[in-house]
Amino acid sequence: MASRAQFENSNEIGVFANLTNAYALCAIGGSENFYSVFEQELADHIPVVHTSIAGCRFVGRVTVGNKRGLLVPSTTTDVELQHLRNSLPDSVVIQRISERLSALGNCIVCNDHVALVHTDIDRETED
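0 is the number of the first residue of the sequence shown in numbering that gives the first Met the number 0; add one for each residue after it.
Simulated from the structure, these hints should not be mistaken for laboratory data. Careful: at least some of the hints might be erroneous.
[What the hints assert, rightly or not] Using C-beta positions, here's what the derived DEER-type ranges look like:
# : residue 1 : residue 2 : range
1 : Thr74     : Ala114    : 17 to 25 Å
2 : Asp121    : Ser35     : 36 to 44 Å
3 : Thr118    : Asn32     : 37 to 45 Å
4 : Ser35     : Arg122    : 36 to 44 Å
5 : Arg95     : Asp119    : 14 to 22 Å
6 : Asn32     : His82     : 19 to 27 Å
7 : Val78     : Val113    : 31 to 39 Å
Glycine included, every Cβ here is placed at the ideal spot set by N, Cα and C.
Use the sequences and the hints to build the structure in full.
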């Protein structure tokens with residue numbers, strides 16, 4: 000099933016949201032219509048977390064994760080990190096990554112079995 004969503008007149012919803020089998024992250028500051036699509040479709044199955052990363056709304060661009068974990072950039076504030084830890088299931092390991100390429104969602108794609116990473120990602124991040 001597919002649902003249609005738009006974040007403030009932008010059709011690039013992947014910039015403002017990150018969806019896995021275990022949780023969904025949505026950027027704060029959007030319209031209720033944007034949130035309602037996620038809440039309506041997902042809230043009975045997985046947590047829908049309204050958050051920012053480094054005070055910004057492009058959570059999909061800078062985060063990457065699966066049902067086992069979530070990588071966030073080093074610019075993520077302590078308050079945001081604690082909010083994520085309090086909101087996500089305990090089985091999701093959250094790791095703050097110090098990486099030159101901080102748009103992790105643009106540089107890494109993954110599912111629960113495999114990850115594909117940009118060639119310039121540090122080996123430490125890859126591990």
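message: Does the beta carbon distance between Asp121 and Ser35 stay inside 36 to 44 Å, or does it fall outside?
response: Holds, since Asp121 and Ser35 (Cβ atoms, about 39 Å apart) stay within the stated range.
task: Look at the Cβ atoms of Val78 and Val113 and judge whether their distance stays inside 31 to 39 Å.
output: For Val113 against Val78, whose Cβ atoms are near 32 Å apart, the range 31 to 39 Å holds.
- request: Could you tell me whether the CB distance from Arg95 to Asp119 stays inside 14 to 22 Å?
  value: Roughly 19 Å apart at Cβ, these two residues keep to the hinted range, so it holds.
- prompt: Could one say that the CB atoms of Thr74 and Ala114 fall in the range 17 to 25 Å?
  reply: Cβ of Thr74 to Cβ of Ala114: about 21 Å, so the range 17 to 25 Å holds.
field: Outcome of range test on Cβ distance (Ser35, Arg122; 36 to 44 Å)
entry: Once the Cβ atoms are compared, 42 Å apart, the range 36 to 44 Å for Arg122 and Ser35 holds.
task: Return holds or violated for the Cβ distance of Asn32 and His82 against the range 19 to 27 Å.
output: holds, 23 Å
query: Falls inside 37 to 45 Å, the C-beta gap from Thr118 to Asn32?
result: At roughly 39 Å between Cβ atoms, Asn32 and Thr118 fall inside 37 to 45 Å, so the hint holds.
Hint compliance for this structure: every hint is met.
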